[in-house]
Amino acid sequence: MIVRPRENWFRLLFIWNGSVLQSIIPQLIFMAVVSSLAVFTHGRVFGEKIPLNTAPFTLFGVALAIFLAFRNNASYERFNEARHLWGSLLNAARALTSQMLCYTPERTDTLRIAQQLIGFVYALKHELRGTDPTPDFARLLGSEQAQRLRDQIYKPIAILNEIREELASPQQRCHTSDTKLWMFDAQLNELGKIVGGCERIASTPIPFAYNVLLHRTVYAYCVLLPFGLVDSTEFFTPLLCVFISYTLIALEAIASEVADPFSTAPNALALDAMSRNIERTVLELCGCPVPEPVKPIRPYQLT
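Okay, so the sequence shown: first residue is 18 according to the numbering used here, each after it adds one.
No false leads were mixed into what you were given.
Subject to a maximum C-alpha distance of 25 Å in a straight line, what follows is the list of computed DMTMM-like cross-link-like pairs (lysine to aspartate or glutamate):
| id | residue 1 | residue 2 |
| --- | --- | --- |
| 1 | K172 | E161 |
| 2 | K172 | E207 |
| 3 | K312 | D289 |
| 4 | K172 | D149 |
Derived by calculation from the structure, the hints in this document are not laboratory data.
Could you build all of it, start to finish, from the sequences and the hints given here?
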């Protein structure tokens with residue numbers, strides 16, 4: 018996730034870190050070469066003049082803009098839902114920890130359950146990103162439980178079930194009324210819904226046919242555009258075509274990154290930072306030492 022201070026309009030024109038420009042430079046160079054060849058050959062291919070002008074590109078550009086808007090809206094909807102789910106995860110973790118501390122202060126296992134709750138958050142992060150959770154499990158839950166969870170397929174749900182068993186254990190039921198258990202269970206159900214929502218986003222990408230159609234259409238438009246402009250813009254054709262290509266290709270690149278909100282792409286959610294933030298707030302509620310927040314790995318980029 019890109020986190021930058023608010024820039025003025027002039028500096029925003031020249032920002033490099035955080036833009037998708039650096040990832041699409043090869044495509045823009047290719048478009049510049051094609052445009053230059055169109056100018057050099059006066060719009061001819063193998064000696065034959067390509068009979069194009071600006072009229073079809075105007076009509077086709079409107080249709081392409083509508084399709085790009087649909088694609089970006091679909092991508093941002095996934096990103097926004099993922100953002101809301103992780104915001105709800107933070108709220109549910111705080112609420113469950115606060116309820117255990119305030120309503121059952123006589124319980125002896127509150128800190129252990131809080132550690133399991135933090136482990137649940139990291140388990141969800143690693144499941145969504147397909148990374149190894151063992152180091153975080155060993156740090157938070159101990160090597161024995163980390164080893165026990167190694168063979169579990171759905172690790173967040175396994176930890177959630179262990180938390181529920183801890184809260185309902187016969188040794189601790191004497192300290193907790195049925196009303197309080199129902200209250201705890203409501204928060205655990207909320208955590209389970211969050212896991213299901215995240216898994217739905219991660220396992221159901223935008224249909225591949227949409228991606229292929231948009232990708233082919235954008236590049237066909239950008240490659241043919243110089244041959245439609247060369248008669249009217251002449252030597253300015255490469256400049257105009259590269260600028261238009263930048264807009265269209267950058268929009269496609271942004272949509273691709275945002276559509277996968279749990280990846281480590283620059284414009285995806287900063288799950289490392291969000292997981293650490295939940296860990297910090299839970300430990301602070303428990304009166305334990307709080308770790309440092311996650312620092313950007315590159316200028317203005319949190320993962």
